[in-house]
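A.B. asks: If you read the protein sequences in the order shown, they are chains Z and R.
Quick note on our numbering: the first sequence kicks off at 9 and runs consecutively.
Quick note on our numbering: the second sequence kicks off at 9 and runs consecutively.
Check before you lean on any hint, since a few could be wrong.
[Stated by the list, open to error] List of simulated lysine-lysine pairs, BS3-like, C-alpha gap at most 30 Å:
| id | chain 1 | residue 1 | chain 2 | residue 2 |
| --- | --- | --- | --- | --- |
| 1 | Z | 235 | R | 281 |
| 2 | R | 116 | R | 235 |
| 3 | R | 117 | R | 235 |
| 4 | Z | 281 | Z | 34 |
| 5 | R | 235 | Z | 281 |
| 6 | Z | 235 | Z | 117 |
Bear in mind the hints are in silico, worked out from the structure with no lab data behind them.
There are 2 protein chains.
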Amino acid sequence: MKHALSLLCRTLPLVAIAAGVPSSPKPATPSEIVAAAPSEAWRAIPADQLLMIDLDTGQRVTIALAPDFAPVHIANIRILAQQRWYDGTTINRVHDNYVTQWGDATEKKPLPAGIIAQPPAEYDRDSKGVRFRPLGYRDAYAPEAGHVDGWPAARDGALTWLVHCYGMVGVGRGLAPDTGTGAELYAVSGHAPRHLDRNMAVVGRVLGGMEALTALPRGTEQLGFYKEGAPRPQIVHARLASDLPKDQQPTWQILRTDTPTFTAWVTARANRKDDFFIRPAGSVDICNATPPVRTN
Amino acid sequence: MKHALSLLCRTLPLVAIAAGVPSSPKPATPSEIVAAAPSEAWRAIPADQLLMIDLDTGQRVTIALAPDFAPVHIANIRILAQQRWYDGTTINRVHDNYVTQWGDATEKKPLPAGIIAQPPAEYDRDSKGVRFRPLGYRDAYAPEAGHVDGWPAARDGALTWLVHCYGMVGVGRGLAPDTGTGAELYAVSGHAPRHLDRNMAVVGRVLGGMEALTALPRGTEQLGFYKEGAPRPQIVHARLASDLPKDQQPTWQILRTDTPTFTAWVTARANRKDDFFIRPAGSVDICNATPPVRTN
Numbered sequence: 009m010k011h012a013l014s015l016l017c018r019t020l021p022l023v024a025i026a027a028g029v030p031s032s033p034k035p036a037t038p039s040e041i042v043a044a045a046p047s048e049a050w051r052a053i054p055a056d057q058l059l060m061i062d063l064d065t066g067q068r069v070t071i072a073l074a075p076d077f078a079p080v081h082i083a084n085i086r087i088l089a090q091q092r093w094y095d096g097t098t099i100n101r102v103h104d105n106y107v108t109q110w111g112d113a114t115e116k117k118p119l120p121a122g123i124i125a126q127p128p129a130e131y132d133r134d135s136k137g138v139r140f141r142p143l144g145y146r147d148a149y150a151p152e153a154g155h156v157d158g159w160p161a162a163r164d165g166a167l168t169w170l171v172h173c174y175g176m177v178g179v180g181r182g183l184a185p186d187t188g189t190g191a192e193l194y195a196v197s198g199h200a201p202r203h204l205d206r207n208m209a210v211v212g213r214v215l216g217g218m219e220a221l222t223a224l225p226r227g228t229e230q231l232g233f234y235k236e237g238a239p240r241p242q243i244v245h246a247r248l249a250s251d252l253p254k255d256q257q258p259t260w261q262i263l264r265t266d267t268p269t270f271t272a273w274v275t276a277r278a279n280r281k282d283d284f285f286i287r288p289a290g291s292v293d294i295c296n297a298t299p300p301v302r303t304n
Numbered sequence: 009m010k011h012a013l014s015l016l017c018r019t020l021p022l023v024a025i026a027a028g029v030p031s032s033p034k035p036a037t038p039s040e041i042v043a044a045a046p047s048e049a050w051r052a053i054p055a056d057q058l059l060m061i062d063l064d065t066g067q068r069v070t071i072a073l074a075p076d077f078a079p080v081h082i083a084n085i086r087i088l089a090q091q092r093w094y095d096g097t098t099i100n101r102v103h104d105n106y107v108t109q110w111g112d113a114t115e116k117k118p119l120p121a122g123i124i125a126q127p128p129a130e131y132d133r134d135s136k137g138v139r140f141r142p143l144g145y146r147d148a149y150a151p152e153a154g155h156v157d158g159w160p161a162a163r164d165g166a167l168t169w170l171v172h173c174y175g176m177v178g179v180g181r182g183l184a185p186d187t188g189t190g191a192e193l194y195a196v197s198g199h200a201p202r203h204l205d206r207n208m209a210v211v212g213r214v215l216g217g218m219e220a221l222t223a224l225p226r227g228t229e230q231l232g233f234y235k236e237g238a239p240r241p242q243i244v245h246a247r248l249a250s251d252l253p254k255d256q257q258p259t260w261q262i263l264r265t266d267t268p269t270f271t272a273w274v275t276a277r278a279n280r281k282d283d284f285f286i287r288p289a290g291s292v293d294i295c296n297a298t299p300p301v302r303t304n
């Protein structure tokens, strides 16, 4: 109830409660559904799919990686983290309502051995064998949107791809599709730029610390790049959780999308019946249905 | 071309140009279409529909008001600005991927005379007589999305309403629909929370200075409210442009949605054919088609 009442107003108009009709069972809110999820509705994200970026601002950004969608790019990213290549690189672009982008500002830092310099365009994959859970509501861009192992995705029958929702992470590139190694990454920080779908390698999702990327001064140069000489947050460390000692590995869990809990959550997101809502939307888009995560 | 080449990568891979096929006429990019728009494709926003909020950070937020959609709320907002009620109030909530909200943190500041304390629920309006320009692409939430005098909107035949895109401004309220006076306002700062459509009075759109609302530390309390005692940006002045001396009134123009230029721009947004794009989306959603604005 608390959640519903305070959605956009902190204080509770007491008169509304006093004047309320006799209470009847209320449908559970999305938050209540998540809070009541049984432990088997959650799955742990493997440690080698967790990339932690520690900034000199003292903040940590944690990213889940999607090796099933972009295996070559993610092999690169793992090498870059293991070889500590990201350490000392910076956030170089903060483009309002679009992306925050980081990497080597000089673009001259040599890449370590083992990096595939021209990865294939891992922008979509064959739909065959992909467990796709249809969202069940219209999509403005694709014939169908839904989830694959918790990842927001879309498909057209033949192919399936990850979509550019808020917080999704992709690989910056030049003009040619094979110019992005994973050395330059961006996180979506505004309304889903779905026109980038199938044009970029989407490699992950920010699970925690998004504020460290979004609450930054916007770049003043074209496309939101920081001006030469402007202060840039620096990456102190970027590490895979699997490369840390066991007792330092964070645990992140995601709500499984193949559970009744998730179905109830999506339905509740599409049909908000908290007291605050007067007219439920009757729909939800894929980027407003990113599966909940939790950490210890 | 510059725009296309540098979308997500600052430097231009020169090899791509050197190896390019003989040049053929390229379709204009969205930016090129806007740059080439004739003067009659623009309309000036009336001064009494421009609310400027000056913060103690030195930044200015400029908001266009939508009196055709929420006349009572906007009459309130005008009185609040004219009576200098907003001056000294603060930004109280910064909720990542949702809203930035401002108003009187104490919620005890008396409202000036003339304020309608319980405005009607101006959440939608009769579609009759409304000039609606269909976007021409699917919407995930409404039967149809489009523009009304430049405002992002949706309709179901009988009724038309403004939609919660990034940068849109609405009126905070309590549980009851008639509890929002306009004293507490929010701007959408993330992926469009379209479930709020028809549940809140949408009263405007941020035209400039969005960064002043989005590049702020996120609130640490429930729903992104700032903790008691946390520093809060303060509103120094909130004024209607029409209340300023003529020579201090800013000029803002918006691209008219009833022009061939706008149609070309929407089509180009839906079908990005800049060199950077490999696979045009073939679609665009209403919140990725907010009409361009410009100022002097």
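A.B. asks: Now tell me if each hint is right for this structure.
C.D. replies: Structure-based check of each hint:
1. Restraint check for residue 235(Z) and residue 281(R): satisfied, since their Cα atoms lie roughly 28 Å apart, inside the 30 Å limit.
2. Of the pairs offered as hints, the one joining residue 116(R) and residue 235(R) holds, with about 18 Å between alpha carbons and a cut-off of 30 Å not exceeded.
3. Proposed proximity of residue 117(R) and residue 235(R) is supported: the alpha carbons are some 19 Å apart, at most 30 Å.
4. A C-alpha spacing of about 8 Å is found between residue 281(Z) and residue 34(Z), which places the hinted pair at or below 30 Å, so the restraint holds.
5. For the hint pairing residue 235(R) with residue 281(Z), the CA-to-CA distance comes to about 28 Å; that is within 30 Å, so the pair holds.
6. Of the supplied pair hints, the one linking residue 235(Z) and residue 117(Z) holds, its CA atoms being roughly 20 Å apart against a limit of 30 Å.
Checked against the numbered hints above, the structure violates none of them.
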